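Engineer: Taken in sequence, the protein lines are chains D and B. For the first sequence, the residue numbers in the numbering used here are 1 to 194. For the second sequence, the residue numbers in the numbering used here are 1 to 142.
Careful, some of the hints might be misleading.
To be verified - Quick list of simulated restraints, FRET-style, between CB atoms:
#1 B:E37 x D:G63: 47 to 55 Å
#2 D:L187 x B:E37: 54 to 62 Å
#3 B:H44 x D:S77: 21 to 29 Å
Calculated directly from the structure, the hints in this document are not laboratory data. Nothing here was measured: the structure is a model prediction, and the numbers come from that model. No residue lacks a Cβ here, since even glycine has one placed at the ideal position from N, Cα and C.
Residues per chain are reported as follows:
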Amino acid sequence: MNNSKNPSAGLGLGIAGLVLGIISIPFGIMGCTFMLALVMGILGITLSAVGYSQAKQANASTGLIIAALIISILGTSFALIRLTHSTSKSIDIFDSWKIKLEEFEGRSDEFGDSFENAFEEGFREEYEEDIDLDFDELENNLDRLERDLENMGDDIEKAFENLSDEEKARRLGKATGKALRGFVDELSDTVEIN
Amino acid sequence: MRNLYKTFLSNPYQKINTILAGFIILIFVYSAIFSPEKNNYPIHSADKLISGSYSMSTGLSRGFSSIMRLQFNEALSYNPFSIRIFMFFLIQLFLRIFFLLYNRNPMHSDIRYIIIPDIAISTVLFIVFFEPFWREMLFIRW
Numbered sequence: 001m002n003n004s005k006n007p008s009a010g011l012g013l014g015i016a017g018l019v020l021g022i023i024s025i026p027f028g029i030m031g032c033t034f035m036l037a038l039v040m041g042i043l044g045i046t047l048s049a050v051g052y053s054q055a056k057q058a059n060a061s062t063g064l065i066i067a068a069l070i071i072s073i074l075g076t077s078f079a080l081i082r083l084t085h086s087t088s089k090s091i092d093i094f095d096s097w098k099i100k101l102e103e104f105e106g107r108s109d110e111f112g113d114s115f116e117n118a119f120e121e122g123f124r125e126e127y128e129e130d131i132d133l134d135f136d137e138l139e140n141n142l143d144r145l146e147r148d149l150e151n152m153g154d155d156i157e158k159a160f161e162n163l164s165d166e167e168k169a170r171r172l173g174k175a176t177g178k179a180l181r182g183f184v185d186e187l188s189d190t191v192e193i194n
Numbered sequence: 001m002r003n004l005y006k007t008f009l010s011n012p013y014q015k016i017n018t019i020l021a022g023f024i025i026l027i028f029v030y031s032a033i034f035s036p037e038k039n040n041y042p043i044h045s046a047d048k049l050i051s052g053s054y055s056m057s058t059g060l061s062r063g064f065s066s067i068m069r070l071q072f073n074e075a076l077s078y079n080p081f082s083i084r085i086f087m088f089f090l091i092q093l094f095l096r097i098f099f100l101l102y103n104r105n106p107m108h109s110d111i112r113y114i115i116i117p118d119i120a121i122s123t124v125l126f127i128v129f130f131e132p133f134w135r136e137m138l139f140i141r142w
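Please take these sequences and the hints and turn them into a complete structure.
Structural biologist: Following this line, the structure appears as structure tokens:
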């Protein structure tokens with residue numbers, strides 16, 4: 001055991017711990033800076049504890065180091081209270097959003113059912129026959145159509161790569177005209193049926 | 001040089017005072033560098049990051065910056081307690097400088113007669129100036 005008296009053993013660490021502890025108190029009490037205070041407080045406790053053990057080993061005075069330890073613990077406690085408060089607030093907010101989402105999902109299902117019923121009713125009124133609607137299949141078909149359109153876009157881009165702007169405009173115009181013609185024909189057929 | 005050492009670093013109390021005074025000056029420099037218009041503060045509100053909601057200290061950095069630019073009404077609009085908290089740090093800075101100079105020759109005075117009033121004054125100032133914050137913290141509704 002080393003009983004030699006070194007009056008400044010652990011003092012440097014004690015001073016650092018005390019400064020960190022003092023700063024952590026006002027920072028820990030404010031909601032915006034408590035994380036900073038938590039880090040400073042924990043660092044203050046660690047430094048003070050190491051300083052205390054050094055001072056004890058060298059039989060040096062420990063008054064300042066104990067004060068540093070107490071103040072750092074106080075600052076850390078303030079920061080921990082704030083952290084707990086903040087976390088509980090975030091859990092409350094999460095829970096309220098979860099409830100809102102569940103309510104919305106419930107309403108969304110209701111909306112979907114109402115829409116489906118109204119659509120079938122409207123179809124029956126209009127065409128005087130029942131319709132067997134499969135919305136999942138409809139959704140799948142729409143997804144497929146979207147993918148096809150994307151692929152087509154890539155093909156068009158490749159095909160148009162080496163064409164002049166004038167040629168691009170001519171081909172696009174022709175394709176659009178054809179598509180519009182087809183659309184008008186389809187529309188005329190539908191009107192004739194009705 | 002020897003005088004400077006005597007004033008600022010001769011004993012633990014002087015060292016602590018010097019570091020705290022330096023830290024307060026750093027807070028003021030931080031407030032002066034970053035501006036509320038650009039809102040380019042590197043330290044963000046921990047409470048807002050965790051809970052997503054505003055706390056009593058929201059807008060304090062912007063308030064401090066406004067005070068540094070002598071725009072006191074603007075400071076109050078960012079945070080109603082900004083002037084109060086700024087005053088605490090300003091008084092603390094003066095106190096640190098005062099005690100540093102008062103305690104220039106620590107060998108000639110009993111340090112306890114300086115430390116005890118310093119602790120008492122600082123504690124009272126902290127309780128008074130941070131009253132809304134500790135009151136809010138102690139009466140938090142869980």
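Engineer: Of the numbered hints stated earlier in the document, which are not met by this structure?
Structural biologist: none
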